[in-house]
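What follows is each chain in one-letter form.
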Amino acid sequence: ETGVTQSPTHLIKTRGQQVTLRCSSQSGHNTVSWYQQALGQGPQFIFQYYREEENGRGNFPPRFSGLQFPNYSSELNVNALELDDSALYLCASSLEASSTDTQYFGPGTRLTVL
Amino acid sequence: RKEVEQDPGPFNVPEGATVAFNCTYSNSASQSFFWYRQDCRKEPKLLMSVYSSGNEDGRFTAQLNRASQYISLLIRDSKLSDSATYLCVGLTGANNLFFGTGTRLTVIP
Chain A
11 ETGVTQSPTH LIKTRGQQVT LRCSSQSGHN TVSWYQQALG QGPQFIFQYY REEENGRGNF
71 PPRFSGLQFP NYSSELNVNA LELDDSALYL CASSLEASST DTQYFGPGTR LTVL
Chain B
981 RKEVEQDPGP FNVPEGATVA FNCTYSNSAS QSFFWYRQDC RKEPKLLMSV YSSGNEDGRF
1041 TAQLNRASQY ISLLIRDSKL SDSATYLCVG LTGANNLFFG TGTRLTVIP
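Line by line, the protein sequences are chains A and B.
Position in the first sequence counted from 1, then plus 10, gives you this note's numbering.
Position in the second sequence counted from 1, then plus 980, gives you this note's numbering.
No lab work stands behind these hints, which were simulated from the structure alone.
As the structure is a prediction and not an experimental result, all values here were calculated from the model.
A portion of the hints provided could be inaccurate.
What the hints assert, rightly or not - Just a few of them, taken from the derived set where beta-carbon distance is under 10 Å, the chain B residues facing chain A:
(1) PRO1024
(2) LYS1025
(3) LEU1044
(4) ARG1046
(5) SER1048
(6) TYR1050
(7) LYS1059
(8) THR1065
(9) LEU1067
(10) THR1072
(11) ASN1075
Just so you know, even glycine gets a beta-carbon here, dropped at the ideal spot from N, CA and C.
Model the full structure from these sequences, guided by the hints.
Next up, the structure:
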């Protein structure tokens, strides 16, 4: 196992609601990246947090926001949920925000929006 | 145009066969490339990095051709346990991973 944990494992919400997903990084890792994986697609980069600051963002609207805590765990918040937000949400931790550092993925949170 | 394009398959091959996956990338500034493996309803796991000089790990060989912006993965002597989706991944300087849609492999007994 990678040592990256995510909660909850599954979640069902309705359109317009808000959701918070959580990720605990591997011990010693200070960088967390979040990805959205729709069914039949590869993961898409949402954003990255490095030492509690946003360190890059993909092509996602502002209703996708995040946070990283002093212990380097992280949250992904999605407001005003839409049906298309139904996906597997993956977080990945790495030692530093360096291109040479491997990103280790957690098991993901499967979000269903009805 | 997607950053990384790969044939989604599926590839159905008999045990012992050799199978090759290819992908192309559009961002010539991409610095590093990887192959990840993803089992059904599981998270992606790093299979191997891809270098211009080629990279071999047991039955797996990965190759990068920067001139053609092309990446390949060769699996020799396929095992049942190789059945999975193989994701071609590029990395930009901002440490963002760009994934292809994945190629699904099923190894048949």
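Right, here's what the structure says about each hint:
no.: 1; hint: PRO1024; verdict: 5 Å, holds
no.: 2; hint: LYS1025; verdict: 7 Å, holds
no.: 3; hint: LEU1044; verdict: 15 Å, violated
no.: 4; hint: ARG1046; verdict: 16 Å, violated
no.: 5; hint: SER1048; verdict: 21 Å, violated
no.: 6; hint: TYR1050; verdict: 18 Å, violated
no.: 7; hint: LYS1059; verdict: 22 Å, violated
no.: 8; hint: THR1065; verdict: 9 Å, holds
no.: 9; hint: LEU1067; verdict: 5 Å, holds
no.: 10; hint: THR1072; verdict: 8 Å, holds
no.: 11; hint: ASN1075; verdict: 5 Å, holds
In summary, the structure is inconsistent with hints 3, 4, 5, 6 and 7 from the numbered list given earlier, while agreeing with the others.
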